[in-house]
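Since the structure of chain R is already known, use the hints to place chain C on it.
Okay, here's what each chain looks like letter by letter:
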Amino acid sequence: MWLHVRLSEVCLFLQAMFILACCFSDMESGPIATSGSVQPNGDRFKIEGRAIVPGVKTQDWISSARVTVEGEEYIGFLGTDGSFVVNDVPSGSYVVEVISPGYKFGAVRVDITSKGKMRARLVNFIKTSEVIRQPYPLQLRSSGPRTYLMKRETWGWTDFLMNPMVMMMVLPLLIIVLLPKVVNTNDPEMRKEMEQSMNMLNPNPELPDVSEFMTKLFSGSKSSSSKAIGGSKASGRPAVKRRWCQNITCTSGLRNYCNWSCHGNYNAIFKKSFFIRLYNCFLSRVFFPSSEIQVCK
Amino acid sequence: MSKPTSLFVIFFSLFVMSEAVFEDQVGKFDWRQQYVGKTLFAHFDSHSQSSKKLFLATDKNIFASFNSRTGELFWRHVDKAGPEGTIDILLLHGQGDNSGRLLRSWDTNMGGLNWEAVLDTGSFQAACFVAMQDTVKHVAVLKKAAISLHYLTNGHQKWVENLPDSDTVQYQAVYSGGEEEVYVLGVVPNSHLTIIAYSLEDGEIIKQVTWSRTLCVVVGHGVLMCVDTATLALYVDTLVCNRLYIPVLVSSQPHPARSPISEFFLQLGPDHHVLLQLNADGYTIAPLRDFQPSDVFPPQLYVHAFLKKDDSVGYRVLVQTQDHALTFIQQPGRVVWTREEALADVVTMEMVDLPLTGTQAELEGEFGKKADGLFPMVLKRLSSQVILLQAWLAHLWKLFYEARKPHGQVKNEVTIETLSRDEFNLQKMMVMVTASGKLFGIDSKSGSILWKHYLENVQPNAVFKLIVQRTTAHFPHPPQCTLLIKDKDTGLASLHVFNPIFGRKSHIAPPALPRPILQSLLLPVIDQDYAKVLLLVDDQYKVTAFPSTKNVLQQLQEMASSIFFYLIRSDQGNLSGFRLRKDLSTERIWEVVLPTEVQKIVAVNGKRPNEHVHSQGRVMGDRSVLYKYLNPNLLAVVTESTDAHPERAFVGVFLVDGVTGRIIHEAVQRKARGPVHFVHSENWVVYEYWNTKSRRNEFSVLELFEGTELYNSTVFSSLDRPHLPQVLQQTYIFPSPITTMEATLTEKGITSRHLLVGLPSGAILSLPKMFLDPRRPEVVTEHSREENLIPYAPEMPIRTEWFINYNQTVARVKGIYTAPSGLESTCLVVAYGLDIYQTRVYPSKQFDVLKDDYDYVLISSVLFALFFATMISKRLAQVKLLNRAWR
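Protein chains in written order, with the UniProt record's numbering: chain R, 1 to 297; chain C, 1 to 887.
Okay, chain R solo, but in the shape it has when bound:
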């Protein structure tokens, strides 16, 4: 029972809403009826307003500008002070626009009742009955010059250097190259400290031994390098490569460029070729992101 009452209430409410809506739409459709059939001797009205381009002298833009009402149905011209009057407009609802090749202006919808009452509101083509009042006589302010042209993308060194990818590559390199020179890695205390910090960063001992590798690298085992060079001369480079860098593989993910696991002693050749490989690997990740490429085996 209660439900029934409730329902009928809802119905009533809906009905009321509907009637209201009808009223609104009626009010809206008022001007249309007159705009559809314009009597030659019917009342004619004028639309007044003023257009302003901030910071630009009127003489620089008014000669090429004009005011159009509903396309080109009625046309007005701009006065020397930017004001305009469009005469001889019958009642109806119109979109008024200031057209200037140089400057942007927003459009305004002006409703004129059959008695000559004017109302300006924002143009909304989707919700046509929505009313957001605008001042009348119209005050049209330009929102700035129109942008027709695109700037060429010029190529400069700064653009290139500021590219995030390049930054990602260059900065670590700089660190790797410069850090050993700044920090004296031969100092045992320093080495210990570094190891500790590395361990803190990388608490899992199972993970690739980056810290170990780094510290050993920084210690710069120059004594072993000459020996290794001699060895490489004897056995040929590919063999050395195969020994030192078993598999530098690229895996997905941006941060994790390359995983490596190399065993044994490090030598100068490795030190050089490693970075080239790392770089290649990076390039391949960046430019061929969908495929996993094994750079070296």
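It should be emphasised that the hints constitute simulated quantities derived from the structure, not laboratory data. This one's a predicted model, so the numbers in the text were calculated from it and none came from an experiment. Glycine residues also receive a C-beta, built at the ideal position from the N, C-alpha and C atoms. Any given hint could turn out to be false.
[Said to hold, decoys possible] Under the rule of at most 25 Å between Cα atoms (straight-line distance), these lysine to any residue pairs were calculated in the SDA-like manner:
1. C:Lys880 <-> R:Val177
2. R:Lys117 <-> C:Val118
3. C:Lys814 <-> C:Ala20
4. R:Lys57 <-> C:Asn109
5. C:Lys80 <-> R:Gly71
6. C:Lys80 <-> R:Ser114
7. C:Lys52 <-> R:Gln59
8. R:Lys127 <-> C:Arg673
9. C:Lys52 <-> R:Thr58
10. C:Lys80 <-> R:Arg44
11. C:Lys607 <-> C:Leu728
12. C:Lys465 <-> C:Leu455
13. C:Lys137 <-> R:Ser83
14. R:Lys115 <-> C:Ser694
15. C:Lys693 <-> R:Asn124
16. R:Lys127 <-> C:Phe771
17. C:Lys814 <-> R:Gly102
18. C:Lys769 <-> C:Tyr792
[Stated by the list, open to error] So the derived label-pair ranges between C-beta atoms look like this:
19. C:Lys748 <-> R:Met150: 23 to 29 Å
20. R:Leu161 <-> C:Phe771: 35 to 41 Å
21. R:Leu161 <-> C:Ile859: 17 to 23 Å
22. R:Gly156 <-> C:Gln616: 44 to 50 Å
23. R:Lys216 <-> C:Ser861: 36 to 42 Å
24. C:Leu522 <-> R:Met150: 37 to 43 Å
25. R:Gly156 <-> C:Arg799: 26 to 32 Å
Below, chain C alone, put in the same frame as chain R:
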């Protein structure tokens, strides 16, 4: 290490989306020419001798200011087209313009409006400035039954008076000589003349004089010339002319506060003018100079005579000839500039490929002929190579020679002799037909007029159709265009056959067409001279072929059963299809009647015959193919309801097969009215209409698909298509009215399509067809994303970056012509209306040619650097190896 990366950066930048015109491309491929139309009123700015302003009001309802030295526009105001915007008179005193019901005053320096006043209704007769003690303060406007006086400063009305006996007296002129009186001249035909003097202060009639005819000179009964001895005023009126030519007097009154200067022009004949002077005694007239303008057409003259410092009379003349050319002549008869104002009203146009040069033709000839043995072929090849080498050397020499000259002297003058096709066929000849009957040949690259031809005896209401019968591709035969000129009222037509490159009339005699022509169609059949055959259907449904040689008639007889055409009778709402019989008579095979009480046919449009469709279907997200319904015989018929009530108005679109008459689809847009603009191409129709309920413009797109299976994939036949196509439709809001619409066109149809939309603001919007795709989904799915479908949005965007003509607006765009170029990516566009604008568009970017900002320097420097780096490192490695070996 950075070098390869930089290469990659460049590589990527090639794929960066670029929609708009780049800053450095402004004016590189595009040009605009502004016109105003046929001059009705002209005034010289006579404030000072050095002033170079010239004011014109034209039949296109334009009020413009020109530079009289160069003929360039200072500014221009475009009023409403049609009778409502007609300018009745243009007066000049620092400012002033007068327009029918509206009286406007303009600032001539800035081109701004001073004021605008609404006049009472009534037909306009005359107007003049009224001065008092050397200062102009008022404007008098004479209407049919009233005279009103307005303040010049603000346009307010001072007084308005009814004219006495306005139903019998024709008031024709108003004059003020600097006193406090305004004189109105009225004529009672064949009886007497009335002059009424009004007081300036309150509009009271001071005196009213009625003169008998004897005091006025009537030449024949064409021109009425009256000399008012009291004010030294000279009245000239043309009543009815029945003689061939009537002498016309042209006087000039430099300042309204003073009397007209005593020197005046008497036009004795079409090409004969005499400068006369009224002597100081006021009775005798002495001839000063006798001169004849160069043009043969009866011109309209605007003379500005002025006293030079040495008290001799100088003059400047603006001559408006019948072919709408405007010529400015200075003192010694020197032509300062000429404007071809006929181009303000281009009716139709075509673009014709330029001919190959002699050497190019020679090379082409080598491939065209059949092989005549190995040895001659080799010889021919060698000789052509030699010719090429020669041409190249000549080119080099020319470059070298020009480089030595001072920079300013080098000019690339385009003349008709030097015209030749460029590498990518981007430069073409624009053949433009104007409403005045003047034909123009314009170079599409520079916009210079290369030839013009005035067709005399063209009726003002003629309809033109321009047909390219033979292109430049058939070398020894000259290209051939045919212009069909048809009188709109009688339907009688004539043909003008000409060479589109040189503008010369062809020696081929066109057939006589005694009966009104209903339809013309260009067949793909060619005669032995490679000219396409034009069929003309007269009102008895008899067919005339042009050219009608034996060969053509034989071919027509063979093909007759497969030649169909349609006729539209929009006044009867009748659309009918015909087939050609072997004896060149026709038989009606179908008829569609759209009752005229309900709706009227507004436009019928087939597809463009030179359109190519590259892909037969669209690959969908699930990898199946949706085949397009590509019916070459499809006609789009647009109708509008006769009932204009906003609730009942509708717009209908019918898709009819032109061969069978079958209605493929029918779409009715309720609560809509025209004007309907539409484009019919490939498998889609896009149309635009006005939604009367929501008061907005809407775009609707219809796309036709065969489905996922093609019925007969090898050949399309209208007679054998059992299944109706699937039709998809979507509608969008367009936030601006439009004036015209066209689709881009490319050589092979691979490039995606754009719609070129002319807006009333003068901008031409390049709207990607992608936005007008009825398959745009409301909910984005995996499949739609795969297909690159844009999610549906009700409102269509208008971005100023898509305006292909940036700030070079084209006033009153009437038509947009698109033509393919030799490059697949590039489409040539010409927009015409009041102005003419030519540009190139790249709907899918320039994928087949290096961009004009391609960085040759960087690429070559990187390459060289790499090359040297490898050289040096190789050397270093060698040295190192050697050292190591020594160790």
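Structure-based check of each hint:
At roughly 24 Å between alpha-carbon atoms, C:Lys880 and R:Val177 fall within 25 Å of each other, so this suggested pair holds. Taking the CA atoms of R:Lys117 and C:Val118, the gap is about 20 Å. The hint holds against a cut of 25 Å. Our distance criterion of 25 Å between C-alpha atoms is met by C:Lys814 and C:Ala20, whose separation comes to about 23 Å. As the CA atoms of R:Lys57 and C:Asn109 are separated by approximately 14 Å, the hinted pair is consistent with the 25 Å bound.
In summary, the hint linking C:Lys80 to R:Gly71 is supported, as the alpha carbons are separated by about 11 Å, within the 25 Å threshold. Between C:Lys80 and R:Ser114 the CA atoms are separated by roughly 24 Å; this keeps the pair inside 25 Å, and the hint holds. For the given pair, C:Lys52 sits about 19 Å from R:Gln59 by alpha-carbon distance, which is consistent with the 25 Å threshold. Our distance criterion of 25 Å between C-alpha atoms is met by R:Lys127 and C:Arg673, whose separation comes to about 20 Å.
Between C:Lys52 and R:Thr58, the direct Cα distance comes to roughly 23 Å. Compliance with the 25 Å bound is thereby established for this hinted pair. As the CA atoms of C:Lys80 and R:Arg44 are separated by approximately 17 Å, the hinted pair is consistent with the 25 Å bound. This hinted pair checks out: C:Lys607 and C:Leu728 have alpha carbons roughly 19 Å apart, not beyond 25 Å. This hinted pair checks out: C:Lys465 and C:Leu455 have alpha carbons roughly 14 Å apart, not beyond 25 Å.
Taking the CA atoms of C:Lys137 and R:Ser83, the gap is near 23 Å; set against the 25 Å cutoff, the hint holds. For the hint linking R:Lys115 to C:Ser694, the alpha-carbon distance of about 22 Å falls within 25 Å, and the restraint holds. Restraint check: the Cα-Cα separation between C:Lys693 and R:Asn124 comes to about 14 Å, which is no more than 25 Å; the hinted pair holds. With a C-alpha separation of about 21 Å, the suggested pair R:Lys127 and C:Phe771 falls inside the 25 Å cut-off, and the hint holds.
The hinted pair formed by C:Lys814 and R:Gly102 meets the criterion: a straight-line CA distance of about 22 Å does not exceed 25 Å. A threshold of 25 Å between alpha carbons decides the hint, and for C:Lys769 with C:Tyr792 the separation of about 14 Å falls inside it, so the pair holds. At about 27 Å, the beta-carbon gap between C:Lys748 and R:Met150 stays in the expected band of 23 to 29 Å. Taking 35 to 41 Å as the suggested C-beta distance range, the pair R:Leu161 and C:Phe771 conforms, at roughly 38 Å.
Distance hint check for R:Leu161 and C:Ile859: the Cβ-Cβ separation is about 20 Å, which falls inside the suggested range of 17 to 23 Å. Under the hint 44 to 50 Å, the C-beta atoms of R:Gly156 and C:Gln616, about 46 Å apart, fit the expected range. Checking the proposed 36 to 42 Å range against R:Lys216 and C:Ser861 shows it holds: the Cβ atoms sit about 41 Å from each other. A beta carbon spacing of about 41 Å between C:Leu522 and R:Met150 agrees with the range 37 to 43 Å that was offered as a hint.
At roughly 27 Å, the beta-carbon separation of R:Gly156 and C:Arg799 lies within the given 26 to 32 Å, and the hint holds.
Going through the hint list in order, the structure satisfies each hint without exception.
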